[in-house]
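Novice: Now for the letters of each chain:
Number of protein chains: 2
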Amino acid sequence: MGAAGAEAKLRGGIDLGGTKIQAAIVTAEGEVVGDSRRPTPSSGGPADVAEQLAEALREAAAAGGVDPGTLEGIGVGSPGETNEVTGEVSRAVNLPGWDDAFALGPALSEALGVPVRVGNDVDVATNAEFVLGAGRPYGSILGVFWGTGVGGGLILDGKPWHGRGAAGEIGHVVVEIGGAHCPCGRRGCMEAYAGRGPMEAKARHEHANGKKTQLFEIMEKKGRERLSSSVWDRALKQDDQLAKKLVDRAVKALGAGVASAVNLLDVEAVIIGGGLGLRLGQPYVERIAAQMSKHLFLDKRPPAIVLAELGDLGGAIGASLLFDAAPR
Amino acid sequence: MGAAGAEAKLRGGIDLGGTKIQAAIVTAEGEVVGDSRRPTPSSGGPADVAEQLAEALREAAAAGGVDPGTLEGIGVGSPGETNEVTGEVSRAVNLPGWDDAFALGPALSEALGVPVRVGNDVDVATNAEFVLGAGRPYGSILGVFWGTGVGGGLILDGKPWHGRGAAGEIGHVVVEIGGAHCPCGRRGCMEAYAGRGPMEAKARHEHANGKKTQLFEIMEKKGRERLSSSVWDRALKQDDQLAKKLVDRAVKALGAGVASAVNLLDVEAVIIGGGLGLRLGQPYVERIAAQMSKHLFLDKRPPAIVLAELGDLGGAIGASLLFDAAPR
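In order, the protein sequence lines correspond to chains A and B. With the first letter of the first sequence counted as 1, position 20 gets the number 26 in our numbering; the numbers rise by one all the way through. With the first letter of the second sequence counted as 1, position 327 gets the number 333 in our numbering; the numbers rise by one all the way through.
Among the clues, some could well be false.
Copies of the same chain look alike in the list, so a pair counts if it works inside one copy or between any two.
[Said to hold, decoys possible] The calculated lysine-lysine pairs, modelled on BS3-like cross-linking and capped at a C-alpha distance of 30 Å, are: (1) Lys306 <-> Lys227; (2) Lys306 <-> Lys208; (3) Lys251 <-> Lys300.
Since the hints were derived computationally from the structure, they do not count as laboratory data. Here the structure is a predicted model, which is why all the values come from computation and not from measurement.
Just chain A, same shape as in the assembly:
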């Protein structure tokens, strides 16, 4: 792999998701020399999750023939509220027992023997696309991560925009006053229609009410307990009518919500990523663009609407980029 000679410049990146952990060893140029993947623990607490993160990183290092102790540092993209100064993560509601602040950075640093920085998962993934991926040609982008929820990241005039710390909640842009219930507890959010979580809840509800669908058979055949992106993809390919209806509904919501953001910010490009976005790919990016054009104030001059380029490892690669800059 030629990694040995350049070890001093190698970094680790870990993407901590609600269902899986992905780790990668990444060069300063963003090339992945080794990676690994394991499920996120669904019970226990932050310390157990941290253990799995360390293990994933060790596996990625082994795959790349790298000693973790020689890495320049390790970045972690995490859900919840991340404190980039203390390395603490709190309110990671999709992770087991993770409400209070847990010093994830220090814990991992002790386990792996190198500096660790933590950042918000969506922010690091947006930055990865901006620096190394589909966002490279642009100065201002909106990253839309269409997965279990719908996350958003903003880079304005070359710099991440965090507002008072919580900017980018594009999933909670309202597309229908008084509309569908959202996991956030409110109504009519874009995520209530487009998040894979709410989509699954709706599918289960309609299925229970007698609507025919192959979604759950496909899920069982694949040995899954949830309607994963690959389950939706398979059902669409089999022309499953319920899957089609619910994905169309999601695309419509994405079109309206993302167009709202563009009307407000007039960014140069929208990058579509996330588990479902990546899985459904370019044809669905085009459908989202078509739905957006119904709502764009300047529909004759839309932003570029493009698929994320870094794929599934974008989050881990973006996390490694936390070592490109001084901690904020």
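Put chain B on the given structure of chain A with help from the hints.
Specialist: The following block gives chain B in isolation, referenced to the frame of chain A:
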């Protein structure tokens, strides 16, 4: 007025609106030493409008005891697309015959004998509140101008955010997919519910269908041809049920649309201005805030939601501030 001694530092500001032109003579500290107001011509073309702008400025100068030729410069806040380098304005669709570019800056400069700069009306009004008004304590604000339409201006980290030139279209954030028709030709925009124009269209429609309302009697008594802000205000004070229903609907849309913008940008403050916003005032700012809280992702940490402080002359004062900075 003590203006004579400070004439070298005085500036003119003109707010060019769809129904009225307001001009002010303003000190470098933002104090108004003279102002005037005249109706916007409803026929003719850009040259006729320019003539009225010059006349309004001369009147304001006379009211302040100032010779227009001694002003440091005159700023104009204009609708449509403004070119701050050439002083041209185009596509000002609410103004008579103003689709093509017209060199408003040069025309006014020739008429009045001093330098003239043009800027977007909503941007200059937002900047006025940021520099001199309700936005002073904050670093990032969203200005929401609730009038005939609903305009938006953004200041992020102390600097105006224009995107590719057309940012801030908060009126065209979608609040209801497939919802009410908007003057922009699309459906479900916030402005379709909250703009005074669409509110009037809806009121006329319901009135024609037999719904009882005093709105049009009040309008006639006031000698108006449109449901102006003062007409709505009067009708609300008389507990007119249709007026109440339509204003409630507008407030609901504003709550959802502005909350969407806050979820995305997490600004420190939202400033509510515009003809209807200023007229209905603080109680309605509070109603908008209450509707917003239903949709705010971080509802326990809302931004400040405050009434514009500079009142009706904010646009003209903001235009004068175009002479605070070099042209962009």
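Novice: Give a verdict on every hint.
Specialist: To see whether the hints hold, each was checked on the structure:
no. : hint              : result
1   : Lys306 <-> Lys227 : neither (45 Å within a copy, 44 Å between copies)
2   : Lys306 <-> Lys208 : between (35 Å within a copy, 29 Å between copies)
3   : Lys251 <-> Lys300 : both (19 Å within a copy, 28 Å between copies)
When held up to the earlier numbered hints, the structure conflicts with hint 1 and nothing else.
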